[in-house]
Each structure stands twice: as structure tokens, then as C-alpha cells.
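Throw the hints in and build the complete structure from the sequences for me.
So the sequence lines, in the order shown, correspond to chains F and G.
Residue 52, in my numbering, is where the first sequence stops; the numbers in between run on with no holes.
Residue 1356, in my numbering, is where the second sequence stops; the numbers in between run on with no holes.
FYI, nobody ran anything at the bench for these hints, they're computed from the structure.
Honestly, I wouldn't trust all of these hints.
Stated by the list, open to error - In silico DSS-like links for lysine-lysine, alpha-carbon gap of 30 angstroms or less: (1) 1267(G) <-> 1198(G); (2) 1198(G) <-> 42(F); (3) 1229(G) <-> 1166(G); (4) 41(F) <-> 1229(G).
Claimed, not checked - Sample of chain G residues with no beta-carbon within 12 angstroms of chain F, all distances over it, derived: (5) 1198; (6) 1200; (7) 1202; (8) 1218; (9) 1237; (10) 1238; (11) 1251; (12) 1348.
Unchecked claim - What follows is a set of in silico ranges between Cβ atoms, one per label pair, in the way DEER data are often shown: (13) 1156(G) <-> 23(F): 14 to 22 angstroms; (14) 1254(G) <-> 42(F): 30 to 38 angstroms; (15) 1215(G) <-> 20(F): 21 to 29 angstroms.
These numbers were taken from a predicted model, which means no experiment stands behind them.
Even glycine gets a Cβ: it sits at the ideal position worked out from N, Cα and C.
Listed here are the chains, written in short residue letters.
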Amino acid sequence: MDFLAQHQLYIVLIIAVGIWFGLYIYLFRLDGRLKKLERDMHREQH
Amino acid sequence: MTLRILLGVLLTLVIVAALGLPMVQHPQHWYEFPSIPGLEEKARIIFFHVPTAWLSVMAFITSMIYGIRYLRRKDPMDDLTSASAAGLGLLFCVLATVTGAIWAKFNWGSYWNWDPRETSIFVLLLIYGAYFSLRAAVEVEEKRATLSSVYSIIAAVTVPFFVFIMPRIMTGLHPGAKGDPDGAGPVIEFKMSLNMRVVFFSSLIAFTLLFLWMLSLRVRTARLEYHHQPKG
Chain F
7 MDFLAQHQLY IVLIIAVGIW FGLYIYLFRL DGRLKKLERD MHREQH
Chain G
1125 MTLRILLGVL LTLVIVAALG LPMVQHPQHW YEFPSIPGLE EKARIIFFHV PTAWLSVMAF
1185 ITSMIYGIRY LRRKDPMDDL TSASAAGLGL LFCVLATVTG AIWAKFNWGS YWNWDPRETS
1245 IFVLLLIYGA YFSLRAAVEV EEKRATLSSV YSIIAAVTVP FFVFIMPRIM TGLHPGAKGD
1305 PDGAGPVIEF KMSLNMRVVF FSSLIAFTLL FLWMLSLRVR TARLEYHHQP KG
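Written out as C-alpha cells, the structure reads:
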């Protein structure tokens, strides 16, 4: 805790990495869902 | 899949390097950034602020290219891509404005100073805000696509002027303004060391990959919406 109090930039680093991971997981899941919908649409058309 | 994993790893490394590597007066090791007088820790913004501004330019140019393609081929998918790129461009433009304003508060003393760079990005936000107002105002699909394609071309023509030319021909506080030779700021000497350049260009590559992925997701979503909307 003392380390983080003295090096506040690391708190910023942890938050930034957290936000990036959250966004990355969201985009990855969205990509998967879109793929499924596209497959369904393709099947409907044929 | 490989590109997405590469993006995940690259941007994580960029964030860790940009915010985690120490900044010292006289760097002795490869992992130390030089401390720039007048900027100190605030110099780290360059790893995120410049790529977001760069992406907004790229997105606006992409929007123009697909606008031209729509006018030539009349394919609604080109219009969807053009609008999606403009939307992402506006998003990254807002991010560049917000990160710049926060930096300005700590470096110049206030969030907004009407510096030439701030004024030009504000005008760009207005121009692309108007693009979406135009799209929302026209209900007939073909007319909307044609009008917004023409508008995206005219709007993109102004982008190099507002981003690259105007801030450089006017004196201002922003690094790169007139009277600021070789990237040195008017208030600070700002030259990137080799390790800063590596992180900076890696950040540019990572942000570009992120933009391409987000654009592909946005276009695919818009295509699904388009095929499922009631016709007539």
C-alpha cells in the first residue's frame, strides 16, 4: 500500500490496463455474437 | 484472430511501457525515459493523445473514400461504411479533445484556452456533428446516402487544413505550432528519445489495428441492421 501511495502513477496504470481489458473482452464477445448472427442470416438465405 | 490477439498483447505492452517505465533526469538504461523540462510526467500523454488524433484523421479519410465509392457504385454498404467510419472518427476526435483538455489543465492552467489547435479541433467536431445531423434529417435512404457522401468528401477536404496546416501557421502553445522548430515546443524543448519513439510508434500501430477492428464490427452490425429492417 505504501508503494502505491508513493508511486501514484502505478494506480493510473492499473486503471488504464483494467479499462483496456474490459474494452477488449467486450469487443471480443461482440465479434463472436456477430459471427453467430451472420451464420444464422446466411443459413436463412440459403 | 491472430491480428486481434496481436492487438491485445501490443496495446497492453504499450500501456504498461507508456505509464510504467520510469522518467528520470539523466537516463542510464534503455528502459528509462528522459524527463522533459516543463512537461515531466505529463509528457506521457503523447503515447495516447496523438494516436487518437491520428485515428480520427484516418477515420475521416476512410469516410471520404467510401463516400466517393458510394457516389460511383450506389451500393448502400459503402454508405454504411462511410457513416461508420465518420462515427468512429468523431469518437476518437472527442477522445483527443478530452485528453488534450485534461493535459492543458495541468500544463497551461485551464481546460480550454482557445489555442489554435483547440479551436481547429472544435471546428472539426462541429463539422462532423453536422454530418450526423444531416443524416438524421433526411428520411429517404438514397437521398440521405447521396447527400452525406457528398458532405463526407467536403468535410474530409477540411481535415488536413484544420489538423496539419492551421495549427502550424499560427502561433500557439501547442507543440508543433509556428515558431516551434523541429518539434520543439515554444515553452519546452520536446524531442523524443529512441525508447519513447518505439513506444509511440507501437502505440500508433496498436491504435490503428483497434480502429480497423472497431470499424469492421460497426460495419457488420450496420449490415445486419440493414438486412433486418422492414422494407417499403
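When you look at the beta carbon of residue 1218(G), is every beta carbon of chain F farther off than 12 angstroms? holds, 16 angstroms
For a C-alpha distance cap of 30 angstroms, please report whether residue 1198(G) and residue 42(F) respect it. Roughly 28 angstroms between the alpha carbons, so the hint for residue 1198(G) and residue 42(F) holds.
Should the hint that residue 1215(G) and residue 20(F) are 21 to 29 angstroms apart at their CB atoms be regarded as holding? With Cβ atoms ~24 angstroms apart, the hint holds.
Please work out if residue 1229(G) and residue 1166(G) have their alpha carbons no farther apart than 30 angstroms. holds, 11 angstroms
Lying within 14 to 22 angstroms: is that true of the beta-carbon distance residue 1156(G) to residue 23(F)? Check passed, 21 angstroms falls within 14 to 22 angstroms.
Verify this label for me: residue 1200(G) is non-interface relative to chain F, using a Cβ-Cβ cutoff of 12 angstroms. Consistent with the label, residue 1200(G) stays out of reach of chain F, its closest Cβ about 16 angstroms off (over 12 angstroms).
Classify the label on residue 1238(G) as holds or violated, using whether its beta-carbon is more than 12 angstroms from each beta-carbon of chain F. Holds: least Cβ distance 28 angstroms, greater than 12 angstroms.
Holds or violated: is the Cβ of residue 1348(G) farther than 12 angstroms from all Cβ atoms of chain F? Violated, since 6 angstroms does not exceed 12 angstroms.
Has the given pair, residue 1267(G) with residue 1198(G), been kept, meaning a C-alpha gap of at most 30 angstroms? holds, 11 angstroms
Minimum Cβ distance from residue 1237(G) to chain F greater than 12 angstroms, as the annotation requires: holds, 24 angstroms
Sort out whether residue 1229(G) lies within 30 angstroms of residue 41(F), counting only the CA atoms. violated, 43 angstroms
Taking the beta carbons of residue 1254(G) and residue 42(F), is their distance inside 30 to 38 angstroms? Hint holds: Cβ distance 37 angstroms, inside 30 to 38 angstroms.
Of the numbered hints stated above, those contradicted by the structure are hints 4, 12, listed in ascending order.
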